[in-house]
Amino acid sequence: MPALDVAGKVAVVTGGASGIGRATVLELARRGARVVAADLHEDRLEEVRVAVEATGARILTVRCDVSLDAQVEHLRDEVLEEMGRVDLLMNNAGVVALGPPETMTMADWDWILQVNLYGVVRGVRAFLPHMLARGSGHVVNTASLAGLFAYAWDSIPYITGKFAVAGFTEALALYANPLGVGVTLVCPGLVDTNLGETARFPGVDDPGRWLQAIELPDPVAPEEVATRVCEAVAAGRFLVTTADDLVRARVQERAADHDGFVAGMIARLPTPPNLHQA
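Numbering-wise (our numbering), the sequence shown opens with residue 1 and increments by one.
Keep in mind the hints are simulated off the structure, nothing from the lab. Each residue gets a CB set at the ideal place from its N, CA and C atoms; glycine is no exception. Treat the hints with care, since some could be wrong.
[What the hints assert, rightly or not] If you anchor each label on the Cβ, the simulated ranges turn out as follows:
(1) E46 to N177: 33 to 39 Å
(2) A234 to R63: 27 to 33 Å
(3) A171 to A256: 21 to 27 Å
(4) E42 to A234: 27 to 33 Å
(5) G32 to V220: 20 to 26 Å
(6) D257 to T105: 31 to 37 Å
(7) A234 to A255: 26 to 32 Å
(8) V251 to A3: 20 to 26 Å
(9) A221 to A54: 18 to 24 Å
(10) H276 to E53: 51 to 57 Å
(11) F238 to R134: 19 to 25 Å
(12) G135 to P219: 34 to 40 Å
With the sequences and hints as input, model every part of the structure.
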């Protein structure tokens, strides 16, 4: 897979003002990239701008809602006008909803998929042509371990979207790599971020009932994910995880016996509450 030295390159990160995105913006700047942070929250964009400029690096911040075609296209136009090119795109913006699938409305599903899945698609459609025209660049898509196997029963729309991102990214690598553009899929486990601040609990009176144990390692710092992402881009690697042993074990288990894998996950997880029983 094509590798990319980010020094002197233009790197765009959506969801770039908090969590993994913010940490990656700072790490890219530390490695000499000219960074663009795109995010929905202008106050957080200002905070990351100050943090990057304090290091002496250059940053462009753009307010962007990745669920809207026009705003992603505006982001692309701003980057090309101000920076002249794009070498690295990280589609990282994400949201989550927790609760029983039967109480999720189609609006809830649409909210999650418009950001988590179609936000990725919009980013690739906007920026990939400029990389292909030069025959170089790198696309990084943030999924989750939820994109590799279903590890919980409380976030079915989220898992659905992340599975789709993983498949999209793998197929994108088959297309873009031979044309000179690297592709990396990021599938972290739990990460200490503020994703929970925007979480929704549709149809749930007591959200605590749905914050059940899931089979994942303890949270890692977003800075650890950012470092792994930058190392993967520099080495031309496809997959980034923060739980290599768990991923290997579960993926191998599923490949060997899918029925057994599902039965094993059911046995590992607590029984979900039945909201329809008297």
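Status of each hint after checking the structure:
no., hint, in the structure
1, E46 to N177: 33 to 39 Å, "37 Å, holds"
2, A234 to R63: 27 to 33 Å, "29 Å, holds"
3, A171 to A256: 21 to 27 Å, "24 Å, holds"
4, E42 to A234: 27 to 33 Å, "31 Å, holds"
5, G32 to V220: 20 to 26 Å, "25 Å, holds"
6, D257 to T105: 31 to 37 Å, "36 Å, holds"
7, A234 to A255: 26 to 32 Å, "30 Å, holds"
8, V251 to A3: 20 to 26 Å, "25 Å, holds"
9, A221 to A54: 18 to 24 Å, "20 Å, holds"
10, H276 to E53: 51 to 57 Å, "54 Å, holds"
11, F238 to R134: 19 to 25 Å, "21 Å, holds"
12, G135 to P219: 34 to 40 Å, "39 Å, holds"
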